[in-house]
Each structure stands twice: as structure tokens, then as C-alpha cells.
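Chain by chain, the residues run as shown.
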Amino acid sequence: MAVAAQSLSSVPPSRAATGSPEEDRELSRIFTAYTISATFWLLFGTAVGLLLAFKFGAPDFWAAKYLTFGRLRPIHTNDVFYGFASIALVGCAYYVTVRSCGTRLYSATLARIGLWLFNIAAVAGTIALDLGYNWGDLEYREWPWPIRLVFFAALVVTVWNLLATIARRASKDIYLSNWYIIGGFLWTCVICLVAILPWYQKGLGQVAISGYFMHNAVGMWFTPLALGLFYYAIPKVLNRPIYSYALGVLAFWTNLIFYPMLGGHHFLFSPLPWWLQTTAIICSVGMLVPVLGGSANYLLTMRGRYHGRIESYPLAFLFIGVLGYLIGSTQGTVEALRSLQAAWHFTSFTVGHSHLTMYGFVTFAVWGGIYALLPLATGKNPGRFGVALHFWLALVGVSIYVISLSIGGTVQGLDWIRGKPFIQSVIDMEPYYLWRGVGGILMFLSHIVFAWNVWRMTKGQPGNAPSPIMEPEGEAAA
Amino acid sequence: MSAPVELWTRPALLDQVLRSRRDGRVEVVLRVAALAQPRRVLQLEQVLHALPGVASIALCIAARRVRVVFDAERLPLTQLLAACARAGCVAQPLQHDASGAAPGIALNASLKRLAVAGIFAMQAMMFALVLYLGAVNPLDPTTAHLFRWLGLVSAIPVVGYAAWPFYREALAGMRARRPGIDVPVALAIACIFAASVANALRGSGEIYFDSISMFVFVLLLGRHLELRAQARHRADGDAATDALPLLAQRRHADGTLETVAAVELVPGERVHVPEGDAAPCDGVLASERARVDASRWSGESRAVGHARGDRIAAGSVAVDGPLDLRVERTLATSSVAALERMTAAAQRARGLVGDDDAPAARRFVWRVLALAVATCAFWLWRDPARAFDATVAVLVVACPCAFGLAAPAVLTRSLALLSRRGVLVTRAAAVRALARVDRALFDKTGTLTEPALQPDRVETFRGVARETALRWAVALARESSHPVAQAIARVPADGVPLAHGVEIVAGGGVRGVVDGRPMRLGHAGFAGTDCDDAALWLADAQGPLARLPLAERVRADASACIKALQAVGVACALVSGDAPTRVRTVAAALGIAGWHARQAPADKLAHVRAGQAVGQVVLVVGDGGNDAAALAAADVSATPGGAVELARAHADLLLPAGLAGLPLARALAERAMQVLAQNRRWSLAWNLGAVPFAAAGLVPPWLAAIGMSASSLAVVLNSLRIRAARAPHAPPMALHERTT
Amino acid sequence: MNALLILVPITLVLAGIAVGLFFWAVNHAQFEDLDTPKILPLLDAAPPRHGNDDAPR
Ligand code: HEM
Ligand code: HEM
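Residue numbers (this note's numbering), protein chains in the order written: chain B, 8 to 485; chain Y, 104 to 843; chain S, -8 to 48.
So here's chain B without its partners, still in its complex pose (with noise of 0.2 angstroms):
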């Protein structure tokens, strides 16, 4: 803060200023609190994925009523979603809030009421779950809908306090961080309410929902919290401002225009229109436009860092964010065109998309933003080689999971395509259902890591890596 103060001093409400102390730590507490939060539905949410995995090998293996295959996937998927990846996107959204703000948080209570309300929800949910209470084969909206009505008031708790925060920001912008992170939770309470909504629950109407809201849940949920993220974490680790705010700017705005058509494509070849479906492919390839955009606005921020060699881990956990929601996205294009849409819809491919995406992007972010903040919120640095071991770890596993599901789902479709029997397929995807349990071992693995670094950055005691922030280089450091 050495320059920063300085320079700032004579200027009376300067942002230097804005935090006391005391509300540094506080604000330092609330980060703190969701991290441990989310990092505990990881560990438990991937355990869950785990035996999910390992069931495709061993289908009897622990096959109670509790324990069916049936019960676990919705609870892996909805505690990863709204456990682990949105407490953790939250709690990161309130620092990134705060400080590019230049202000103190609105409140801390609403933050701990929003983070008891989470927390509430993916309890009571799991456990409805479990107990075989649910909304039938709604994907991600499976908890019953008054558990779903604690996860809104939990939105809407936190969008009010981070609104607060924002309009008492110190400077005149806003900088886009917020503006993604706020765009995301305006358009998810809209979507979380739509699909509460109850007179349309039922036949066509509700396909069309489901696919709309699924893809909202991803598109206008997890993506705009997690480039939010990215355009903080970004120029702060590497001591050096987004390449172009400008480009930032269009990215968003044409991100808003364009996502909330693109629901559709994820119920190609069920029962509705064909029109509504290639209007909704039509679309997706435009969403390539801000996704390009924006990707290479973060890949041309970190430009003259590639070295060959790791200078930092935060910044290559961000990185490989990036890269997920680079490739991860194209994917998704190409994906969503008909003719190979044919070979791979309602397959593993399909999991891959989303593995790589959710974990490839998302998870990586998640993981890269709190590498990047969170010593930077408590002063605690965590072990280097623990964060080299969860980087490796949950990379080389993720890589194997993805890749082994995509040419096992191609395996799979090309064999429906050919009419063999289902059977067939299923001894056919054997290997590649090994592979994933493979992957999935390293990246449980990688998570028990994680949670020993996230305790040496918050309770425990501080490890030897650097500072999540890098020294500037090139032109700025001669």
C-alpha cells in the first residue's frame, strides 16, 4: 500500500482511506467464511461425482436406496453448482466488489445472512434429495421448490448488499468487474423466478424451461461471475490493467443481448419446434463473437508472461480459466450444430462440455481468484508446493476426464447412429468410463489439497509462496 498511500495522502477521501482496518478484516472475515463454506461442498460434492464414477464400473457397488445412482447425480450436480461454485463465485464477488470500488461493504451482516441462507439451501436440499424428494427430472432445478426459494432470498440478499456497495463506490466508474457480477445476479433472480413459477411445470412448456433455465443457470449465472472475477484477479496479479477496457465493454454489453436467446439449444431433438431450435443454433454461434472477444482480451493481458515456465500460480490457474472458457465454449458451438449434434447429444460428450466448462473454466477461476485474493484479504500466503501439487493434480485429472469422455461419447453416438444395440455402447464406453475414474481420482485429490491451502491462507499457518501479486516486467520494471 507504500505508493498508494503516498501518493494519495494529501487527498482527503482517498480510496487508500476508505477501509479501516477494522473493516478490512471484516471484509477479510466474510471471504474467509464463504471460501471455507464453498471449499466444503467441493470436497463433498466431488466425493459424491466420485462414487458417481466409480458406479459406472461397479453399478452395485453400495447400491442401498440412498445410495443410487439416480439420487447421488442430482445431488453432485447441485451441490457442486449451488454449494461449492456459487458460494465461492459470491464470497470472491464481495472482495472484487469492495475493492474495485474503493469502498467498505454495505453491510456485513447481509453477507453472513446470505451465506447461512446458501449454506440452508444446499443442506436441505442434499438431504431432500436423498430422501427422494424432488421436482422429477427438472435438470439443476431437482430441489423442491421452497429449498429453491431460500437459494433466491439468498440472491436477493446479496445483489441488495452489493448494490449498496456500489453506490457508494469512490470513483465515478464502475468498473466491469461489476458490472458483470451485478448483470449476473439481476438476470438469475428473473430466471430463478421463472422457474419457480408453477403453471407451466408440466409437458412441452416445461422442456422449454428447463433447457431455458439451464442455460441461464450457466450462461448468465457462473459465466459473467466467473469474467467478472477475471477482470480483477487478472490485472491484479499481474500488476497490469486490462488490455482493453473498451473491448471489455462491448463484450458485456453484447453478451447481454445476446444470451438470454440462447436457452434453446439444449433441448435439440426433443419435441419442439425445429424452428426454435435453429433460431437458438443460429444463436449460439453468435455468442462466439463476445466469447472470442473476450478471451483474447485476458490472453492479450497476460501477453510477455508466457515464459515457458509457471512465474506464478495464480495466474495459471486464471490462465487455464481462459483457456476452459475459450475452448470450452467452442466446443459448445460446434456442439450445437445439427449434423454433430446428431452423434452427440444425450451422450458422455455431453459431461465432457460440461466438466470442462464447470471445471475447466468456472472451477479454475474459482480457484485461480482465490489464490489471487484471498492472501490479499488476510495476509496469509499458502504453502508453494501445496499450490503447485493442487495446479498439477487437478489439471493433468481434468484433462483426462474431458478427453476421455469425448472420444468415449463420440464412440457412443457413432454406435446409436449405427443402430448397434444400447448394450453395445455401454461395453464400448467401459475404457473411457475407467479413464474418468482415473481423472476423477487426481481431481478429488487436488480438492483435499486445496482445502489444506485454503486453511493455511485463513486459520492456519501461513506457507512460503510468494505474493499473489507479480513484480511488473518488461517496459515497467526497466
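Simulated from the structure, these hints should not be mistaken for laboratory data. Just so you know, even glycine gets a beta-carbon here, dropped at the ideal spot from N, CA and C. Do not take every clue at face value.
Stated by the list, open to error - Coverage of chain Y stretches by chain S, computed from C-beta distances (three or more under 8 angstroms per stretch; other residues unrestricted):
| # | segment |
| --- | --- |
| 1 | 141 to 152 |
| 2 | 158 to 168 |
| 3 | 212 to 224 |
| 4 | 252 to 258 |
For this one, chain B is given, so just place chains Y and S with the ligands on it according to the hints.
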């Protein structure tokens, strides 16, 4: 630093800078040079917002301006200024302009309309897409009907709000009985929309909600890009002209100082410029010596020494101590005023070319309208069912939107590029002439040549090594801005010591202590030897140390400039008042075949006239001394050099960065005219080519709309293809923050 | 059709919200200066710590 803040309590001054608003608040525009640094911007924002009584602030970074609206009762201007200064952003109030409209409002409005058009055009296209797909894969009628209605709903904001400027302009044009190109546009939008609504209500027939929305969007996009380029250009100009102080300190005969408004100064008066301040007027240095930073003019930020009698341009900043000036020109006639005129002229670029094009476009519009009526009449007679489509298609297709945009888009772009490359254009129309120039007349002395040292003929005395003597001479020469001194300063030499206690003696040379020895560098008399015209002398207390012979040398950039011009077919000639031998040598060195020596101003003028008489387009390059008449008569005139020359020369092109700017400007002008011609050809070809088909009823309105808006956009984008030869070397902003 | 009847109005409403947000942003001068805000994340930087040697390879 600058004039004490307390001055800003004086009513007469406040009147100049504060503009009262209808809401009882006042508005002031401040120039804040520190806005170049993002960190400062943020600080300033915070500081201003924290002040009581500040209602709103608007920053324009490019123009380095801040517009503050505040409550003068609660916050005196002095406090506002003091707060800025505390934030590290010294602010200077600017004279408020008569118009007073905050810039950017037009731009904001256009941005909003653009966004609305964009978002809803998107929606309309989505819905239309469904209908188009329905042609392949039949829709049930209810769905089709629903989507027609949805298209209608999405088109309403576009037609009702985003397209508003077209109606407004069209109406204004009709009222003034000079219909502009917006008339057919507005008519077309109204007709197509009305017909589509009717068809949507009827439930049959074509609807064009998507194409009409897209049409509006693309037209708005073209205009927005154009508007932005203009705003940016104006901001750059503002930044250059704002640097002038509003106040001056007049020195009375008894030596006392009085603060007055700069406009009040009259030639002959003496003004005092405190250290760090800018000179309020053009003047002659009245104090013994001074160092000033004229980076505003030269673009090169370096302080140069001046001696009594040297000319100092308004806006030059006094460094290392205060100075006194004798006012040479009133503000209204100063170099600054010239620069202001220049930017104003450049800003009117639109008007200037518009003047050429406006009547053409107007005739065009009348013809389009007549043609539309004729088409309508014809089809009503032949086949009333097709009358509507054909009429609308004609309206749209024949609309000269692209034609109207062609010239302004090109000129805005090229003027902006040129000013970024160090070529200032004072008359936009000169760009056109420059592209056609086929004869160039150059003045010699000061334009193509400069004095130069002949290092190998340097003589030294008293056993001083030649290198040592040169080093000393360079050390002293660096301190002066006199062309001869600059010639010596340019000599490459290593380990040049620093001169101390430097003093510049008017009409003599430079005096100072180098390597612990007091020395003098100057003409023979100054250095204490006999008369010797052809050399400078370096001497110390004991007597001469070295003789530095001078010769006339061709400027480094001259040869390249001439070659480049000749290469593009411009016949270059040298017209000089100098003796034939010297002129011949220079002409030979530069490869100029035609040269004329011993030319009086009248002869030079005659050369220009002669060239023009045989149909040549003549460019005259001179410094405005004895060639003022020729410069004035030329089709295009250019002056190498900075501020002082500017006020004297009244040239169309100013080349503060040297002659290298000339070929560059020529290339750019040619490129610009090529693009302009392309734009025109393109838009005419489109109009003329498509009209017959439209009139024949062969072009459906949606196709017409798409084609027409695409052709306007093509024109704007085509103009953006004009590039300067090398990338502009904008200084990189210090953005990389170190936080240790 | 049921689904369309709800999805399409929602989309239109959302487009309206997007426009509203955009207008707010324009009115609050969010697009006037697209260079300065980019340094916002760097302003409150904590000093890089030098306690440890290089970053891990
Ligand atoms: C341009 C961007 C994208 C396109 C075009 C796209 C397209 C697709 C397509 C076609 C499917 C498969 C539907 C199926 O066959 O069942 C899909 C599924 C999925 N996508 Fe994307 N995607 C994109 C970006 C993303 C992003 C950024 C995320 C995550 C943040 C994501 C997360 C998912 C998930 C979780 C699924 C699985 C859905 C399910 O379980 O049915 N996608 N996407
Ligand atoms: C150890 C790590 C993980 C393992 C072993 C794992 C395993 C699995 C398995 C076996 C499935 C069921 C696939 C099927 O039905 O064919 C699944 C689905 C899913 N998992 Fe994971 N998972 C892991 C981590 C994650 C994480 C961290 C996320 C998100 C942040 C995630 C998001 C999903 C999603 C969205 C689906 C549904 C995919 C679809 O329907 O297309 N998983 N996972």
C-alpha cells in the same frame, strides 16, 4: 505557481469563466493538464465529488478538460481551484464559450439510440428468422400470427425512438425548403413501417420489421462512428488551444506588476511571466535571458535558452526562472489565435466540403422524390398491387445517404491522422488541392537549408585538442535556440560536459563555465577576435580557443522530401533570393533541375501565377519571410517550423515536425481523395444501378433497406481504411503501476 | 405454445431491462472515458512480499 488563486474572486474575471445556468448554479470549464495520468483523473474525481456544492462534473480526457457545475454560494471558485491543486491537478479556468452546450450530449443521445436500435433490431430479426424458417418448415398459422405481432412490438422502439433524428432532420429540411438526405430516409421508414403494420393487422402480406430495424441500426451506426471521430478531433484541438493563460501580469514603468486579462494586452507593453507559467501572448524577450519549453508547438519537450530579443510564442512555458516579454502582437493576432483559427477551420471540415456537396445532394433528393412519385404513378396505372413495394424500394434505394457521408467521413479521418503525425492543417479544403499538386516551389534558406558546422575544418589554438574544443562548443551551443548554435549542438560528440552559469548575449553568443573554465561561444567580435563572417569562435579569458567554420547545409529531411515528391510526379523547383552559385549547389545536391536565384518576392509570385496559368496546381513551401505573397497565391502553402512562423506565414499546412511531414501529407491526401472517389463511385453506382430495378418493382423493400444501409456503412468503414504511412508514435501512457 | 407465451414476453422484458441499464450507464457517464477505469483494480495493491525467494517453477 500559476496566478495566485485569490485572483479568481474578481468579478470581471469571474464573468469570463463562470456561466450561470437556469437552475441557479454556475458552470466552469477547467483545463487540467494532469488528466493525462489515469491516477490523477480518479483522484480529481473524488476530490471534486467530496466538495460541498458540487452538483456534477464531466471530464473529457482527450481535451484535458473538466466541466464542473456547482453552487457558487456554497463554494467559491477559489476553493474549487485550491482543492484541485491539493489533489495534484492544477486547474486553470477557461473562458466560457458562447454556445455553452456541454460536449458529449449529442454523442450520448446517439449512443442511446444506437443501443435501442441494436437490441430491438436483434429481437426483431430473431422473430423474423422464425418466420423465414417457417417457409421451409411450415408453421401453424397461430404461431405465424403471433410472431408477426412480436416483430411489430420489437420494431416500435426502433421506429418510434431510435429513428427520431431522421424525422427531425427531415422536417427541418422540408420547413427550410431544402430537403436533405434525411427526407427520403424518413419517408421510407414511415412507409415501410406503416405498410408492415397494416399487413400484420390484416394477417397477410409481407412484413419488414426486421429489415426496417436493421436499416435504422446500420444508418445510426455509420453516423455514430462519424460523430465520434469528430468529437475526438475537436477534443484534440481543444487540448491544444486551451493551454493559454487567461491572465497576464503587466509590468508598469515603475516596475510594479498588475494582473490583467490577457485579452487586454496591447503591443509594446511589458508583461512578466512567473516561472512555470505560460506566456500569455507572442512577444520579444525583454529580460536578459530565459529558458522556455515550447513543447506545445514543437511536440518536443525540452527547454531551450533564449536571449534578449528572441521571439517567444504564446503558450511557451517559462522554466528555470521568470521572464519578461515585450508584447509583440495582441492576443487576437497571435500565434495562438492562428492556431485557434486553424482548429476551428478544421472542425468546420464538414461545412467546407459540405458546401461543395450540399447542392448536389439536394438536387439528388429532389430527383429521388420525383422518381418515387413517378414510379408510384406508373404502377398505380399498371398494377396497383405493386405500387407500394416499388415506390418504397425506389425511395430507399435512391437515397443518397452514402453519398452524403462520403466526404465528411474521409476528411474527418484524414485531418485527425495528419494532426497526430505533426502536420497541422489550417484549411481543410487544402487536403483536396494537395492531392492534386503537380508543382512545388521551395524557398531555400531556412526551408531547405540550415547552417552547419564543418567539423573537419575546425582550427584550434594554444594546443587544445580538436575533440576537446568541440565538446566545449557543443556544451555551450546546447543552451541556445539560435539556428547557428543548434547547428553546432547537433555535432556528434561524446562526453559533453555540462555548462554552468550560462548566459545568452543577444546578438553575440553564449557565455558560460565549462569544465571549470569561463568561456564564450559566438561570432568573432563576441569571442574577442577580428571580424570573421564564416565561422563561430570559442574563446576563454585568455583568447580564442577554436574557430568553427560554418557552411550552409541541406537539411537532413530535405532530400528525402524532394525525392518523395518527385517520385509521385510533383515537379520541384527552387526559388531563392540568394546568389546563383549557392542556389545551384543546393539544387544540384537535392536533384532539383529547375532553380531560380536572386528572386524578389514579386518574382516568386510570378512563378506561382505562371504555373497556375498553365493549369498546374502549385504548392509553395516557405517560411513566410520574403515569400508571403507567393504563399498566399499558391493553391497549397506549407511552412516548416513552429509557432512564431505560424503566425507570420498563414500557411495551409504547418510542419512543426519538419519537411518529412510534407510527403506524408501528400500521400495521405492522395489516399484520402482516392477513398473519397471510391466512396462516391460506390454510392453512385449503387444508387444508379439499383434504381431501375427498384422502379421496375424487382427489388423487395427489405432487400433495398439492407443494401442501402450496408452501403452507408461501407462508406464509413472504407474511410477508416485511410492510414498514415507509419503508425503514429503516441507516447505510451504510464499505466504500469509499481506498488512497492 | 404455452412455453412461448411466457418465454417471449420474458425475453422482451429482459431486453427492456437491458436498455434501462444501458441508459443508466450512458447518463452516468460510464462510457465517456474508457481508459481510466482500467487502473481501478490496481489502486489498492498490497505490496508484494519479498520474504520468500522466487516463485516456484
Ligand atoms: C458459446 C458458448 C456455449 C455454447 C454454444 C454451448 C452449447 C452447449 C450445448 C450444445 C450443450 C449440449 C446440449 C446437449 O447436447 O444436451 C451444452 C451443455 C452444457 N453446457 Fe454449454 N455451451 C456454451 C458455453 C458454456 C459455458 C460457458 C458453460 C459453463 C459455465 C456451459 C455449461 C454447460 C453445461 C453444464 C451443459 C450440460 C447441460 C446438461 O446437463 O444438459 N456451457 N452447452
Ligand atoms: C472429482 C471431481 C468430479 C467427478 C469425479 C465428477 C463426476 C461426475 C459424474 C460421474 C457425473 C455424471 C455423469 C453422467 O451422468 O454420465 C457428473 C455430472 C456432472 N458434474 Fe461432475 N464430477 C466432478 C466434479 C465436478 C465439478 C467440480 C463440477 C462443477 C463445478 C461438476 C459438474 C457436473 C455437472 C454439471 C454434471 C452434469 C453433466 C451433464 O448432465 O451433462 N462436476 N460428474
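Each hint, compared with the structure:
1. Coverage of the segment 141 to 152 of chain Y by chain S holds. Counting CB-CB distances below 8 angstroms, 4 residues qualify, and the rule asks for three or more.
2. With 4 residues having a beta carbon nearer than 8 angstroms to a beta carbon of chain S, the segment 158 to 168 of chain Y meets the requirement of three or more and the stated coverage holds.
3. Counting residues of the segment 212 to 224 of chain Y whose beta carbon lies closer than 8 angstroms to any beta carbon of chain S gives 6, which reaches the threshold of three, so the coverage claim holds.
4. Beta-carbon proximity to chain S at under 8 angstroms applies to 3 residues in the segment 252 to 258 of chain Y; the threshold of 3 is reached and the given coverage holds.
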